[in-house]
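Assemble the whole structure, with the sequences as input and the hints as a guide.
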Amino acid sequence: MSGFAQNTFNGLVSGAFYALLALGLAVIFGMLRVVNFAHGAFYMLGAFGAYVLLTEAGVPFWAALLIMPVGLGLLGMALERAVIHRLTRLDPLYNFLLTFGLTLILQDLVKLRYGVQSSPYATPSLLSGSVNFGLFDFPTYRVFILGFAVLLCVAVWWVLTRTRIGMVVRASTERPDLTRAFGIDVGRWVTPVFGFGIGLAGLAGVLAAPMRAVNPLMGADLIIVVFAVVVIGGLGSIFGSVAAGFGIGLVQAWGEAYLSHFPIVSQTIVFVVMAGVLLWRPAGLFGREEAPA
Amino acid sequence: MRRTVGVAAASAAVVLVAGCGGGGPQSGGDQKLTGDKIVLGVLNDQSGAYSELSGKNSVTAVEMAIADFTAKYGDKAVTKDISVETADHQNKPDVANSKAQEMYDRKGVDLILDVPTSSAALKVADVAKEKKKLYFNIGAATTDLTGKSCNRYTFHYAYDTYMLANGTGKTTTEQIGKNWYILYPNYAFGQDMEKSFSTAITAAGGKVVGKDGAPFPNTSGDFSTFLLKAPGLNPKPDVLGTMQAGAELVNVVKQYNEFKLRDKGVGLAVGLMFLTDIHSLTPAALAGTTYTDAWYWNFDAKNREFADRFQQKAGTRPTFAHAANYSAALQYLEAVQAAGTDDADAVVKGLEGKTVEDVFLRNGKIRAEDHRVVHDAYLAQVKPQSEVTEPWDYVKVLKTIPAAEAFRAPSADCKL
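Sequence lines, in order, name chains A and B.
Letter by letter, the first sequence follows residues 843 to 1135 of my numbering.
Letter by letter, the second sequence follows residues 43 to 458 of my numbering.
Careful: at least some of the hints might be erroneous.
Here are the simulated lysine to aspartate or glutamate pairs, DMTMM-like style, with alpha carbons at most 20 angstroms apart [stated by the list, open to error]:
1. B:Lys171 with B:Asp387
2. B:Lys79 with B:Asp385
3. B:Lys438 with B:Glu376
4. B:Lys98 with B:Asp117
5. B:Lys122 with B:Asp136
6. B:Lys306 with A:Asp950
7. B:Lys302 with A:Asp979
8. B:Lys174 with B:Asp350
9. B:Lys98 with A:Asp950
10. B:Lys344 with B:Asp435
11. B:Lys122 with B:Glu300
12. B:Lys271 with A:Asp979
13. B:Lys271 with B:Glu216
14. B:Lys441 with B:Glu429
15. A:Lys953 with B:Asp130
16. B:Lys278 with A:Asp979
17. B:Lys79 with B:Asp130
18. B:Lys122 with B:Asp78
Far from chain A by the CB rule (all over 10 angstroms, computed), these chain B residues [claimed, not checked]:
19. Thr121
20. Asp147
21. Pro259
22. Asp264
23. Asp280
24. Lys302
25. Gly309
26. Gly330
27. Asn340
28. Phe341
29. Gln353
A partial selection of chain B residues facing chain A, derived with a Cβ cut-off under 10 angstroms [as the list claims (entries may be wrong)]:
30. Asp87
31. Gly90
32. Asn228
33. Asn299
34. Phe301
35. Trp434
Source of the hints: derived by calculation from the structure; they are not laboratory data.
Backbone N, C-alpha and C define an ideal beta-carbon position, used for all residues, glycine too.
What follows is the structure in structure tokens.
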């Protein structure tokens, strides 16, 4: 029983990363219709930035947790202004290729400077212990990640559903044309939303630094699953991306724990789920079918 | 449109998972090697996971060997025209295959060196056999190079899965604990390592109480399911043996520390670890971990002298793969000098059964039966951070494993 609870907890922690990344992808896709392939690269930059800040400038984890998302968010906004918005009117494949190219450039720039070997990053001392839950012990850092991610998702949800800004963003995300028809300047919100999504990826990267290998390819490995998560949740669906993120984390953890005798199943389970969902609901679990244009 | 993009994203994810093959076939040239020059080819990973433990610094090591050879023989050297060709095989067997053909056929390479990644290493062995040109493998671990895939022109120089399992599995079982939980990446290398370790552990009187093949590549980067399972097994394992390599090893060790398995009485043994891995994890994260090393730069004065010269050129301390590349290039040049020709068959004849002593090969012997190069190996332990007094000096050698015990007996599968 405690084993099951531990695996569930772990699944939720993995899921927290998926949720943060998928949430960023979802808002970006919703508003810009851009499938941001560079999302994994910004996640990597978040982790690397934390490492560089710590080793070169002695900036601790807590400060990095604020600096990196803001910094990368600004970088994302500049990028959106400079290149991405020029292609949004064209076929989505153009931005798909652009962001994929950006990913390769960012990865190789980091590789050039820091090599492919993973860089060390220690858990902040405040969080290096473990918490006793009665049934089992769990590393404090993981508890922190889970709590932090849940709080953040709730905060994002609150902003999106309870504030006027949120209403505008949500409306422009899910029904851009209709929103425009109401006289709201959707274009004004595009750049900040892109920056916000990138900032979330950077934040996830900083959170990952103490528990995952920090190297130039860390985002490339993870983003594959995140894309599956977004597709399962329904592209552009904010709630769907978060729910699917946590859900896929759980499915993976349980799969590894209870299907380890069938490695083929536990390795492919995410994609099997994705295929199943696409067959059953082509727009994803929480996505809305759109009438063919 | 949402739907089309969704499908595009989904299929892109699938394409990424499948990976992309690269490298077209190379047409064979007919340029023959001239008798008065020697070309050494270093074929390895120069941009990916193994580019730091071998990569460009292996080329530096080979250049050092050429310089030392030239200095030693001066005007008596068989030739003064010795050069190095190098290529990136990206750890892909098909790229390794075409690059090896290009090296032998078009670049006039007499000997291919290094080639990490077992699947790529085996492809190059096939090319060497077909072209009747020499190949010293250093970077790959598979025992198949001296087993069912052995051939007359292929030598396996530095280490293999048997050496790693025998050293670490046997000694850890005897000294740290009998019950093991093995975690391995579920592909050829990991499965091979798991088998070799299980055999060595059982032979030493230990028991494998649990084993799991983790997904490879592990896209989530998370190994906690396995790490949580380990202490709860019955009987409780004394040792967690991880066969993961590179970034995955880093993930396993970080999470091993996170879950405080050492405090729960589960020690850590690592199947394959390079100096560069310890550097990225920091000794603090690995303190007390035992593993088998083929060579260590600060083992004695001779190694240190080489390491100092290497550092001047490369800016870092050498891994065992770098030292082995140096040694392999040097021994090849010596063999050509002795034979007076670079004819592959003549050189092979001179190498077979030869005993060798150099900075890398201690009590070294090039076995004629299967072309395994045997030499002393070392059981090493990562020092606690407090004992690390200079950069890169991260381990102490607990014991030397004599050459005769370090490697397996020639396999019956190998017919040269």
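Verify that the Cβ of Asp280 (chain B) lies farther than 10 angstroms from every Cβ atom of chain A, and report whether the claim holds or is violated.
holds, 20 angstroms
Hinted pair, alpha-carbon criterion (20 angstroms max): Lys122 (chain B), Glu300 (chain B). Please report holds or violated.
At roughly 55 angstroms apart (the allowed maximum being 20 angstroms), Glu300 (chain B) and Lys122 (chain B) break the hint.
Is Lys98 (chain B) close enough to Asp950 (chain A), meaning Cα to Cα at most 20 angstroms?
This hinted pair holds, its Cα atoms lying about 16 angstroms apart.
Using 10 angstroms as the Cβ threshold, decide whether Asn299 (chain B) counts as touching chain A.
Holds: closest Cβ of chain A sits about 8 angstroms from Asn299 (chain B), inside 10 angstroms.
Restraint: Asn228 (chain B) near chain A, CB-CB cut 10 angstroms. Satisfied or not?
With a minimum Cβ separation of about 5 angstroms from chain A (threshold 10 angstroms), the hint on Asn228 (chain B) holds.
Trp434 (chain B) as chain A interface residue, shortest Cβ-Cβ below 10 angstroms:
This hint is violated: Trp434 (chain B) lies away from chain A, its Cβ roughly 13 angstroms from the closest one there, beyond 10 angstroms.
Straight-line alpha-carbon gap Lys344 (chain B) to Asp435 (chain B), limit 20 angstroms
holds, 15 angstroms
What's the verdict on Lys438 (chain B) and Glu376 (chain B), does the C-alpha distance respect the 20 angstroms limit or exceed it?
violated, 32 angstroms
Given hint Asp78 (chain B) paired with Lys122 (chain B) - CA-CA distance at most 20 angstroms:
holds, 8 angstroms
Lys79 (chain B) paired with Asp385 (chain B) [C-alpha distance capped at 20 angstroms]:
holds, 12 angstroms
For Lys306 (chain B) and Asp950 (chain A), compute the direct alpha-carbon distance and say whether it is at most 20 angstroms.
Violated - the C-alpha atoms of Asp950 (chain A) and Lys306 (chain B) are around 40 angstroms apart, more than 20 angstroms.
Closer than 10 angstroms between Cβ atoms is the bar; does Asp87 (chain B) clear it against chain A? Give me holds or violated.
holds, 9 angstroms
Hints 3, 4, 5, 6, 8, 11, 13, 17, 21, 22, 24, 35, counting from the list given before, are not met by this structure.
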